[in-house]
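Engineer: In this text, residue positions in the sequence shown follow the numbering used here: the first is 0, and each later residue adds one.
The hints are simulated quantities; they were obtained by calculation from the structure and are not laboratory data.
Hints are not guaranteed to be accurate.
[Unchecked claim] Restricting the straight-line Cα-Cα distance to at most 27 Å, the calculated cross-link-like pairs of lysine-lysine (DSSO-like) are:
| id | residue 1 | residue 2 |
| --- | --- | --- |
| 1 | Lys-130 | Lys-356 |
| 2 | Lys-311 | Lys-43 |
| 3 | Lys-127 | Lys-18 |
| 4 | Lys-311 | Lys-130 |
| 5 | Lys-397 | Lys-127 |
| 6 | Lys-127 | Lys-43 |
| 7 | Lys-18 | Lys-502 |
Predicted, not measured: the structure shown is a model, and the values here were computed from it.
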Amino acid sequence: MDFLTVILGGLGVFLLGMKLLSDNLRSAAGDALRMILAKFTGGKLSSVGTGTVFTALVQSSSATTLAAIGFVSAGLLTFSQAVGVIFGANLGTTATSWLVATLGLRVSISAFAYPMVGIGALVTLLTKGRKSHFGAALAGFGLIFVGIDILQLGMADLADEIDLTAVDGEGLTGQLILIGIGFVMTVLMQSSSAAVATTLTALFAGAVDLPQAASLVIGQAVGTTVTAALAAIGASLAARRTAVAHILFNVITAVLALSVLPLFLMAHGAWVGGGRPLADATAIAIFHTAFKLLGVVVLLPVLEPFSRAVYKLVPGEEPQYAAGLDDNAAAVPAVGVEATRQALLQIYDGLLDMVEKVVQPGEEATRFNQIELDAIDLGLLRCREFLDRVQTDPDQHKDHRRHLNVLHALDHLERLHGRLASAPRSFRRLSGTQRLVDVVEVLDRLAVNAAGLADGSQSVEALQNEADRLTDAVQQLRHQLLQSSTTGEPSPGELDDLLEAIKWSDRVGYHLWRAGRYLAEPGTEDDAD
């Protein structure tokens, strides 16, 4: 049974290499992931293409899928666009098949894999930031091929020990049994890429034949649905819908693959024949890509009805604020930060509505709904808890700066919420009086400019100018009130009310300005608060 130890060791090295490659390429990409998905997912084809290319590059469909969930939650992608990205991510995973079939089984491992591991490890140890991540990714890439080499040794012995000829890869019963085996392989390995690599090395070693390998690959594709289903448990509504879309795509694609499998085997037999391991491995890579592509071709034209069907299968409405922030998206820091920024912009807009209600004169005009305040409070709490799970690398300066600025914005919005929740009755009572009219007018203009900043129609400079005017108006009024109080006008009680009102106005204006500045320009250098 030594061959089982060798197979387990090779599989472990392969999985370690995949993890190093995908995690470090994702970290090195940083904000590029957010920018690419935001820029190139406008249409159906571009969404699929972006998902395919990015998944093939970072060797992680999970990273692409999580980014799509985060963008849907943030409102940067429609659900249909996210589904297109998921279609592409499933297609992009077939790059591993080609990597194994064209390089892993053909090229001498010692010629390049071991030097890559050594060079990558040195770069990781001697550098920091993005270079260190690239070094670890290079080492991971080398380990993938080391793992394939070890797997080949184990599979050669497996072919002598285990006889699978009893399972007919060309009969429906046998195919279903093999699909089930492939499904279990992916579930146990938690990686369809590792399962496919194992199948290809087994095919190359003669442990399985071509029809059996084709059925195993179909099952391994379906096996990824278990991971998606587990990730959706307790997740946000957007994440659950995304998981269902992923599951439906793979199940439908598997049915299509099973239906065309006889044609594939017939075509391969007529074109190549049997008994050629390298040609058979390449044929499986072709088949893997072909049936995934077939699924995209069939489902992409009906993307909108498909998305509506997912909505019907997973009904429900999220709470008003920050409901789409999903823990899974926090695993991609750049996307997590941007999703939080978008949620905070929505909260900012809700708080601006409250400010405009408060500055209207009269008790009735300033009475806003406590339910709305509570909803915003819950949204702020969700943002805080979500950001606690997002970690950015200080060496990734742009990503880290955005993270810090979103934290600053959250802090100001929490303070602004607190000010509104405890708006002094003196302000409400005196907001229509002549003494406060200048302060109220400037505060109202500040809120209007802040709303324009949030929707992109106003600049940060315009908001800052209004904030400066408010500060000047508050200082001038305070000076006038203190000076006139020496003559007994206003009375001591009214003076206290007025001073409290203008102090409240000053702090509300300050938090409006600072929160708006950080939300509008999350990539700029942060200032001291």
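Engineer: Evaluate each hint against the coordinates.
Structural biologist: Verification of the supplied hints:
1. Lys-130 - Lys-356: Not satisfied, since the Cα-Cα distance of roughly 52 Å exceeds 27 Å.
2. Lys-311 - Lys-43: Since the Cα atoms of Lys-311 and Lys-43 sit roughly 21 Å apart, the hinted pair holds (cutoff 27 Å).
3. Lys-127 - Lys-18: holds, 19 Å
4. Lys-311 - Lys-130: It is violated: about 46 Å lies between the C-alpha atoms, which goes past 27 Å.
5. Lys-397 - Lys-127: holds, 15 Å
6. Lys-127 - Lys-43: violated, 38 Å
7. Lys-18 - Lys-502: At roughly 54 Å apart (the allowed maximum being 27 Å), Lys-502 and Lys-18 break the hint.
Hints 1, 4, 6, 7 from the list above are not met by this structure, while the remaining hints are.
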